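Number of protein chains: 4
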Amino acid sequence: MPRVFRPVDIEQEEKELRKDYFDRHSPHIICSDEVQKGEKFKVKVKVGEEYSHPDDFDHYITYVQLWNRETFIAQAVFSPGSLGNKPNHVEVDFYIVAPEVSMNLSAMCNCIKHGLWMSDPKTVKVI
Amino acid sequence: MPRVFRPVDIEQEEKELRKDYFDRHSPHIICSDEVQKGEKFKVKVKVGEEYSHPDDFDHYITYVQLWNRETFIAQAVFSPGSLGNKPNHVEVDFYIVAPEVSMNLSAMCNCIKHGLWMSDPKTVKVI
Amino acid sequence: MPRVFRPVDIEQEEKELRKDYFDRHSPHIICSDEVQKGEKFKVKVKVGEEYSHPDDFDHYITYVQLWNRETFIAQAVFSPGSLGNKPNHVEVDFYIVAPEVSMNLSAMCNCIKHGLWMSDPKTVKVI
Amino acid sequence: MPRVFRPVDIEQEEKELRKDYFDRHSPHIICSDEVQKGEKFKVKVKVGEEYSHPDDFDHYITYVQLWNRETFIAQAVFSPGSLGNKPNHVEVDFYIVAPEVSMNLSAMCNCIKHGLWMSDPKTVKVI
Chain A
0 MPRVFRPVDI
10 EQEEKELRKD
20 YFDRHSPHII
30 CSDEVQKGEK
40 FKVKVKVGEE
50 YSHPDDFDHY
60 ITYVQLWNRE
70 TFIAQAVFSP
80 GSLGNKPNHV
90 EVDFYIVAPE
100 VSMNLSAMCN
110 CIKHGLWMSD
120 PKTVKVI
Chain B
0 MPRVFRPVDI
10 EQEEKELRKD
20 YFDRHSPHII
30 CSDEVQKGEK
40 FKVKVKVGEE
50 YSHPDDFDHY
60 ITYVQLWNRE
70 TFIAQAVFSP
80 GSLGNKPNHV
90 EVDFYIVAPE
100 VSMNLSAMCN
110 CIKHGLWMSD
120 PKTVKVI
Chain C
0 MPRVFRPVDI
10 EQEEKELRKD
20 YFDRHSPHII
30 CSDEVQKGEK
40 FKVKVKVGEE
50 YSHPDDFDHY
60 ITYVQLWNRE
70 TFIAQAVFSP
80 GSLGNKPNHV
90 EVDFYIVAPE
100 VSMNLSAMCN
110 CIKHGLWMSD
120 PKTVKVI
Chain D
0 MPRVFRPVDI
10 EQEEKELRKD
20 YFDRHSPHII
30 CSDEVQKGEK
40 FKVKVKVGEE
50 YSHPDDFDHY
60 ITYVQLWNRE
70 TFIAQAVFSP
80 GSLGNKPNHV
90 EVDFYIVAPE
100 VSMNLSAMCN
110 CIKHGLWMSD
120 PKTVKVI
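Residue numbers (numbering that gives the first Met the number 0), protein chains in the order written: chain A, 0 to 126; chain B, 0 to 126; chain C, 0 to 126; chain D, 0 to 126.
Hints may be right or wrong, so weigh each one.
Because identical chains cannot be distinguished in the list, a pair is counted as satisfied if it fits within a single copy or across any two copies.
Claimed, not checked - Below, computed lysine-lysine pairings styled on DSS-like, alpha-carbon distance capped at 25 Å:
id : residue 1 : residue 2
1  : LYS41     : LYS124
2  : LYS18     : LYS36
3  : LYS18     : LYS124
4  : LYS85     : LYS112
5  : LYS41     : LYS18
6  : LYS39     : LYS85
7  : LYS112    : LYS18
8  : LYS18     : LYS45
9  : LYS36     : LYS124
10 : LYS112    : LYS41
11 : LYS43     : LYS85
12 : LYS43     : LYS112
13 : LYS41     : LYS121
14 : LYS43     : LYS121
15 : LYS112    : LYS124
Hints listed in this document are in silico derivations from the structure and should not be mistaken for laboratory results. The model shown is predicted, which means the values in this text are computed figures rather than measured ones.
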């Protein structure tokens, strides 16, 4: 299995360079904390918070996946250059329907150069 | 090559059933008509306008692709059930950066049962 | 819809350069002409016959799809560099089980620079 | 991150049912132990050894990925029914060119019902 990287507590990292490296590779899940059963809602996956990732042919985010616990929901595959070959935040919005029970969403993304990265999990309460 | 279906002028179709069939399989591109060079903007691909498509295990939209003329931009692959196994509109928002010249976007989607469908093209003027 | 290119009768092309261009982008289906109902068999998709395609970061075959008439069977997505960043033939073998009726297989492939290409169809008789 | 399952020493499992469950979900890498630098060689990924996995619409192997250490090589996405809707071994052959240094290949596969599974790693010596 490929090694999977995750956002660590980068406040504790000594070097700014390293903070940049971790931040710009980490996917984030942005969505409501609470949704109604059967409601369709948007789940944004965004890569990087403060730092943006290159969009070069030999260094770009190739794909993003969205999971609910062990269940695969969706994957978006990108072509390099769609962000103008300049650093930016890869973003994609998926739309899903809330099931009967609360969700534990997570995202993964792959950098062609630096491998597979995971988000922090995001709990979505279904009411 | 698989046959590719496209939204025809369904006003001319005689049967409502057929209108339903065409409408709920056709992808649509929803985005600004005009963007600034280098601007990041959202491109929504949505399947169906008036009629929604099933989300059954043996009948769902498996993927959506976004193209700019002959250039592949992105593809989203879905798992059945992410829309609650009930009819709905598959939706995904991609974010791209406007290049130097105007764009001619198109979308394609695949129904596991009824094959490959294309959108009308959408011109995006780059200013 | 993106324009779809197909292998033309390149014997009629005047320039060798153009023959090269068409040949190295065209996917081919290589499999048995005849299979037994319910038999699992190999379907190779290979890109290019005489001429091989670059495997550069900004010029490579991003994906290959296999179809049976209007039905999507499988898609393989590649990373640039897996062929050593030197020209070669992209190849992938899928394994499928022969259905009750004869098949009409086709393949498509996408070059990141030169768009979407289709194979000649391949009839597989099911006995 | 989704939980990742891996083949355990199923000899130690008490129940045959459980052995079946682990075996039929586990991807395996089948290729040469030793290849020459710059040589193109076949890497088969096969799911299950003794036990085969269903190919039902609500229970099938949706995709297989091949990795070399942290580097993504290729992914094959399947449609349910391509194995005749009967239990079988998902198989796909990728072709890659041996780099300068030895490889540590691994495969992952996703079952639509039972999540993400990983293979044992496979060392390929480059001579």
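Here's how the hints hold up against the structure:
Within a single copy, LYS41 and LYS124 get their C-alpha atoms as close as 14 Å, which meets the 25 Å cut-off; across copies the closest is 28 Å, which misses it. For the homomeric pair LYS18 and LYS36, neither the shortest alpha-carbon distance inside one copy (38 Å) nor that between copies (31 Å) is at most 25 Å. In this assembly of identical chains, the alpha carbons of LYS18 and LYS124 never lie at most 25 Å apart, being 31 Å within a copy and 35 Å across copies at closest. Both within a single protomer and between protomers do LYS85 and LYS112 lie at most 25 Å apart by alpha-carbon distance, with minima of 16 Å and 18 Å respectively.
Proximity of LYS41 to LYS18 under the C-alpha cut-off of 25 Å is found in neither arrangement, the shortest distances being 29 Å within a copy and 28 Å between copies. Taking the closest pair of Cα atoms, LYS39 and LYS85 come within 25 Å of each other only across two copies (11 Å); inside a single copy the shortest separation is 33 Å, beyond that limit. Taking the closest pair of Cα atoms, LYS112 and LYS18 come within 25 Å of each other only inside a single copy of the chain (17 Å); across copies the shortest separation is 34 Å, beyond that limit. Taking the shortest alpha-carbon separations for LYS18 and LYS45, only the intra-copy value of 17 Å comes in at or below 25 Å, while the best inter-copy value is 37 Å.
Taking the shortest alpha-carbon separations for LYS36 and LYS124, only the intra-copy value of 9 Å comes in at or below 25 Å, while the best inter-copy value is 40 Å. For the identical chains of this complex, LYS112 and LYS41 are inter-copy neighbours only, at 23 Å across copies versus 29 Å inside a copy, given an alpha-carbon limit of 25 Å. In this homomeric assembly, LYS43 and LYS85 come within 25 Å of each other (Cα to Cα) both inside a single copy, at 21 Å, and across copies, at 22 Å. For the homomeric pair LYS43 and LYS112, the shortest alpha-carbon distances inside one copy (24 Å) and between copies (24 Å) are both at most 25 Å.
In this assembly of identical chains, LYS41 and LYS121 lie within 25 Å of each other by CA distance both inside one copy and across copies; the values are 13 Å within and 24 Å between. With identical chains, the CA atoms of LYS43 and LYS121 are at most 25 Å apart both within one copy (12 Å) and between copies (24 Å). Taking the shortest Cα distances, LYS112 and LYS124 sit within 25 Å of each other only across copies (22 Å), while inside one copy they are farther apart (36 Å).
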